[in-house]
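Q: Chain residues, written in single-letter form:
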Amino acid sequence: MAHILLKDLRKSYAGQEVIHGITMDIPNGEFVVIVGPSGCGKSTLLRMVAGLEGISAGTIEIDGRVVNDLEPRQRDIAMVFQNYALYPHMSVRENMAYGLKIAKMPKAEIDAAVTRAAKMLELEPYLDRKPRALSGGQRQRVAMGRALVRTPSAFLLDEPLSNLDAKLRVQMRMQIKDMHLNTGQTTLYVTHDQVEAMTLADRLIVMNKGIADQIATPHEVYETPATEFVAGFIGSPAMNIFTVTAEAGMAVLPGGHRLPLPGLAAHGKVRLGLRPEDLEIVDASTAAIPVVLRSIEWLGADAFGYGMIDGSDALVTLRLAGSTGAKRGDRVHVAPKEGRLHLFSAESGKRM
Amino acid sequence: MRRTVFPNKVLPWVLLAPQLAITLIFFYWPAAQAFRQSVLREDPFGLSSKYVGLENFRKVFADPAYLNAMQVTVVFSLLVAFFALGIALFLAVQVEKLVRGKGFYRTMMIWPYAVAPAIAGMLWLFMFNPSFGTLAYPLRLMGIDWNPLLNGDQAMALVVAAATWKQISYNFLFFVAGLQAIPRSLLEAAAIDGANRRHAFWTIVFPLLAPTTFFLLVVNTVYALFDTFGIIHAVTSGGPGKSTETLVYKVYNDGFVNLIMGSSAAQSVILMVIVIALTAFQFRFIEKRVHYG
Ligand SMILES: Nc1ncnc2c1ncn2[C@@H]1O[C@H](COP(=O)(O)OP(=O)(O)O)[C@@H](O)[C@H]1O
Ligand SMILES: [Mg+2]
Chain A
3 MAHILLKDLR KSYAGQEVIH GITMDIPNGE FVVIVGPSGC GKSTLLRMVA
53 GLEGISAGTI EIDGRVVNDL EPRQRDIAMV FQNYALYPHM SVRENMAYGL
103 KIAKMPKAEI DAAVTRAAKM LELEPYLDRK PRALSGGQRQ RVAMGRALVR
153 TPSAFLLDEP LSNLDAKLRV QMRMQIKDMH LNTGQTTLYV THDQVEAMTL
203 ADRLIVMNKG IADQIATPHE VYETPATEFV AGFIGSPAMN IFTVTAEAGM
253 AVLPGGHRLP LPGLAAHGKV RLGLRPEDLE IVDASTAAIP VVLRSIEWLG
303 ADAFGYGMID GSDALVTLRL AGSTGAKRGD RVHVAPKEGR LHLFSAESGK
353 RM
Chain B
70 MRRTVFPNKV LPWVLLAPQL AITLIFFYWP AAQAFRQSVL REDPFGLSSK
120 YVGLENFRKV FADPAYLNAM QVTVVFSLLV AFFALGIALF LAVQVEKLVR
170 GKGFYRTMMI WPYAVAPAIA GMLWLFMFNP SFGTLAYPLR LMGIDWNPLL
220 NGDQAMALVV AAATWKQISY NFLFFVAGLQ AIPRSLLEAA AIDGANRRHA
270 FWTIVFPLLA PTTFFLLVVN TVYALFDTFG IIHAVTSGGP GKSTETLVYK
320 VYNDGFVNLI MGSSAAQSVI LMVIVIALTA FQFRFIEKRV HYG
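Protein chains in written order, with my numbering: chain A, 3 to 354; chain B, 70 to 362.
Pulled out of the complex, with its shape left as it was, chain A reads as follows (with noise of 0.2 Å):
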């Protein structure tokens, strides 16, 4: 059970800011999922948390208390590393004992929590085998395992499905929701996928070059992502993002198009959003944006339809229902649902 509290977190390589100031208030038991794309300094954040690395500015508390200087082991924390990080040269079971060993907790005692891990995980028929002996999806539960049995206030996990096939990754996100679920511990999430990052998270932290764009629930930045990188990185297909000129209740599109936005003010030019599914085929008129498809992706129950502005070269992402009769080189009208718009700054890429 841990509260942890992060305050304006800073890490420095070598005079080279990588994160750049971090603050976040995480209560006991929320699963935290931080989210980015590759080199943006999630694991470097992670890892400032475990005490793996150094804090060059900002304070880290854990229940009330500063832990900046204090080693790993003082920190009362697991980690699952991305590469799982097994004991070569012990058993699954050594493996899941080593920290509880140190501990000094009684030999019964070890047995039944690394048993009851097992159990959990289904890791039972391989404890006495090494590691090389398993597969990717078993070294993976070994790692978890090797965290969960020694009840730790709070819990690391640095990208710990991208080594495992589709499948697989799908079933071991749904134990490790369970599992939180039921333990309640306090945790915190890495990855670089999306889906796991809206599936898994009480809330995200999208990561942008160091910086936390947005630190909200995942319905909050996926409804109003707070800066255009967020709204760009969360969902898939990924949001239309145009630059447009925004003028009182009209918004001129790429090609020419002006598109009536009531209610919209004159900005000049800003980034218009609109997701995929927020574009539905109308008639042809004058509030609708004429866009030629250049060709459709169909999934079953839906359909998704890519094109360009007519007259431009902006790209259009539609999600369109299974049923639909469009087809390659046709051209559609679509017309923005009601409120669903989003704005950017074009500099700063914030929203308005």
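Just so you know, the hints here were simulated from the structure itself, not pulled from any lab data.
We treat Cβ as the ideally placed atom computed from N, Cα and C, and that holds for glycine.
Any given hint might turn out to be false.
[To be verified] Restraint ranges, calculated between C-beta atoms of paired labels, are given here:
id : chain 1 : residue 1 : chain 2 : residue 2 : range
1  : A       : 31        : B       : 284       : 46 to 56 Å
2  : A       : 85        : B       : 341       : 44 to 54 Å
3  : B       : 173       : A       : 39        : 33 to 43 Å
[Stated by the list, open to error] Computed footprint of chain A on chain B, listed as stretches where at least three residues anywhere in the stretch have a Cβ under 8 Å from a Cβ of chain A:
id : segment
4  : 250–256
5  : 259–267
Dock chain B with the ligands against the given chain A, drawing on the hints supplied.
A: Just chain B with the ligands now, kept in the frame of chain A:
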């Protein structure tokens, strides 16, 4: 595997000839000579010899001086292997901890390896000779009755130190490579599991270095047995008494100094058997050594 076919039948042999000649002249021929002489008795002037079967071997094994040499060799080899491995591992671990200057220290650590054994021996002799040694004087000031020319244990300590010093570089390089092959995340996982540095070293690093350590143990034993002649020759010449006379040094002493050819040859044959056994052992276990991962 691909077979290489040379169009020219003669050229390959010409190219191989120098290497083959060297091996034949400097290895097989003396080895054959040693075998031949080990079953002959020869007078010191080499004028006459007669076949005596295994008589020389019997004599060698009955000779208390030979058994003494064997004991000296075992003690010497164990000490050299133990200290050379222990100190090298300690230094490698310390250098790995450095943030800055790793490369500098690594380079400096390699230098002793480039020193010839006899020179290394002279170096230690100059430092520890009881009459003119630079460090002998402070030792005596500290109340130690330092005289390796009279005290056998001190003489042994001196040759062990010299032989160890020279071998540390080699072991150091292998340990550094071995340490670098251990993924950092394992130590991080151990740190999170609550292990302090010392505990992590003995439970993670040391076991994972076992293949390297085992390989070096064999190499160091072979080194202490056979490559330390120059050091012993320069520092103690096997003395005082016979307290630092190893098996190899005794072969030289009996054959080249005392000219007891038959016995010396028999001893070299025994040494040859030991080398072959060690090499076979090394191939058998090291080639199949434990691989993790
Ligand atoms: N030990 C290091 N030394 C220098 N730069 C580093 C180090 N570790 C990470 N970085 C840099 O910090 C940034 C963030 O890295 P990281 O946290 O690993 O990203 P992520 O996990 O999001 O992919 C990257 O630009 C990376 O190059
Ligand atoms: Mg990472």
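Q: None of the hints should be skipped; say for each whether it holds.
A: We went through each hint and held it up to the structure:
1. 31/A - 284/B: 46 to 56 Å: holds, 51 Å
2. 85/A - 341/B: 44 to 54 Å: holds, 48 Å
3. 173/B - 39/A: 33 to 43 Å: Holds, since residue 173/B and residue 39/A (Cβ atoms, about 38 Å apart) stay within the stated range.
4. 250–256: holds (count 3)
5. 259–267: holds (count 7)
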